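The primary structure of each chain is shown beneath.
There are 2 protein chains.
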Amino acid sequence: MDTTPISSGKLRGLMKLADASGRFKMMAIDQRGSMVTKLAEVLGIEKTDVKYSDVASLKTLITRILAPNATAVLTDPIYGHPYSVTEIPRDVALLLAYEESGYVSEGVSENERLSNPIDNWTIEKAQRAGADAIKLLAYYHPDASKVTLQHQQDFVRHVGDECEKQDLPFLLELVSYALEGTTKSVEFAKQKPDLVIRSVQEFTDPSYKVDILKLEFPADLKYTSDYKDSAFYEGDSAYDLSDVRDICQKLDATSTLPWVILSAGVDIEEFIENVKLATAAGASGFLCGRAIWKDAVQFYPDNAAVTQFLENEATTNFHNANTAAENALPWFEHQHFGGVENIQLAKQSENWHQEY
Amino acid sequence: MDTTPISSGKLRGLMKLADASGRFKMMAIDQRGSMVTKLAEVLGIEKTDVKYSDVASLKTLITRILAPNATAVLTDPIYGHPYSVTEIPRDVALLLAYEESGYVSEGVSENERLSNPIDNWTIEKAQRAGADAIKLLAYYHPDASKVTLQHQQDFVRHVGDECEKQDLPFLLELVSYALEGTTKSVEFAKQKPDLVIRSVQEFTDPSYKVDILKLEFPADLKYTSDYKDSAFYEGDSAYDLSDVRDICQKLDATSTLPWVILSAGVDIEEFIENVKLATAAGASGFLCGRAIWKDAVQFYPDNAAVTQFLENEATTNFHNANTAAENALPWFEHQHFGGVENIQLAKQSENWHQEY
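Protein sequence lines correspond, in order, to chains A and B. Start counting the first sequence at 1; every next residue gets the next number (my numbering). Start counting the second sequence at 1001; every next residue gets the next number (my numbering).
Hints may be right or wrong, so weigh each one.
What the hints assert, rightly or not - Covered stretches of chain B, as calculated for chain A (at least 3 residues, CB under 8 Å):
(1) 1075-1085
(2) 1117-1124
(3) 1327-1339
Source of the hints: derived by calculation from the structure; they are not laboratory data. These figures come from a predicted structure and were not determined experimentally. Beta carbons are placed, not taken as given, at the ideal position from N, Cα and C, and that holds for glycine.
In isolation and in its complexed conformation, chain A is listed as follows (with noise of 0.2 Å):
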């Protein structure tokens, strides 16, 4: 088998990013948007009158909870960083985001999706601040237009120089979200395997130079007549349990890099199918961050209250995560690199050091 040497940067990066077996039980706490918009509506004020240190305690509060049960933390440089980085612990990798919260549609069709970068903030900062990895977000829809399709892929390319230019792992997140109509419907579960998938596609040519993906869920549960019972099921099926499987491995069989699966504020429950699913089909674990907490938000400004809910359920829901993805399949047995034993130093050689 062919397998990619690997630079010493990316190596150290995706040792850290993972536990010692491999899998990786990664915390995301980089939300912006969404996390601005839920306090606005848990205090009844305006998005506009969040404070900053709402947002930024909030944060640190969750980190210093949560970090200990976590291989990796996903937080942002604005609100999270600044005030999170005490509270991680030593063994616990740092990622941090490098997109812009939400996207614009400024010059294209207002259904379709630009991501950006955060003003002043740069990969290399990045690495001098400590992080072990680079996260991206890019929200893409293969039928979007030339114009936002050249726009994200440019995007992504970027980052993936500059990841390799500073040798950091370069994660990248996809979202994929309707043209037309909403996510939420069992049209959008019908087209969503299709559209996870030939994202997939896209991003793993060698050219945007990714290490591992952050993917969606390729089909939706929600949708899924199997879990009919279940607290989260919508009534209405676009699929059975046995095409989710299916799905799943044709994902797998896509995917020519490691691949963690995301939680995209789903509940806990549905979470942990999802991530039994995905990794008995070849994922290399998760990226989580609302299934976990989001629940703890509600509380808000009750520090107290908030405590109690991430030192117990939003605690036992990281165990369970973490239980789920036990079967994981570990970064360095993906079909990329071939096997702990074939794990090969780029450039290995008596000159390494001149020649790095």
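Given chain A, work out where chain B should sit, using these hints.
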């Protein structure tokens, strides 16, 4: 108390180098010159006939077996890093040496020592390759010629500036030497406290931008009367144990930075005494190489025998050193930081990510 705010990269780096309680239990395997000399002796060949692959593979074996006991591993980018990087566990930090092994005396008295960088190696490369911190060994004798002092001071300042630029912790190792005679004498033992303490006075100046000092034990227990029944006693005393305790206290009072103790090739029994005395006086742990593993080298190239020694005696040595360091002062409790509750991220604000 006036404490010093700390930048993000240095903060994460220091957290990774120490254990969760802030104590440094670090292993050095960055020896080059001394390892080549020893291998030549063991193999009965000339130093110039020692192969690169012998040094690299011995370092790999030592790193594989002993690194799991360490909070951080210091290796070199020539023989060490390219072949050992996969052997350093995810939760063990990586320190990379910056200086060329040994010293030169070109243009100065033949007894004086000038340190130099490794060719084609930079601190920016070290960071990209995954280093969590940089170590520089500088030979220093405060009574050396002006030219020598200036060269060494300029070199340290250069590394301090580069580490600040990359926001990596800078660990400075100071090693004294004899301008006349030998370091293995009661005369030198008498000079040593003064040499070590005056060197610390120099390099704690903020202009050098050092984060942690790696120091010789500031006295020599081979010449300490209370150890006359030990295997390492040399038969002539420069001081007694109470003097040695005072010297350690004086060193600690002089060091305005956290400091750790080095082993300089002494036997493990003596090193354990050094660690106990240094940590009782306020040291934050150790960075120890040969005292732990040097006796493994004599078995090379019998890798089974090397392995057996490393898994047994050397592992026990490491455990004993770790136990002796349980009494160390956590780095964040040093007066420089003023306690964990006073750790303050530099430029912490809503605009941190823009100003960083």
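Practice problem: Starting from the hint list further up, note which numbers the structure goes against and sort them upward. | Solution: Violated hint (a single one): 3; every other hint is consistent with the structure.
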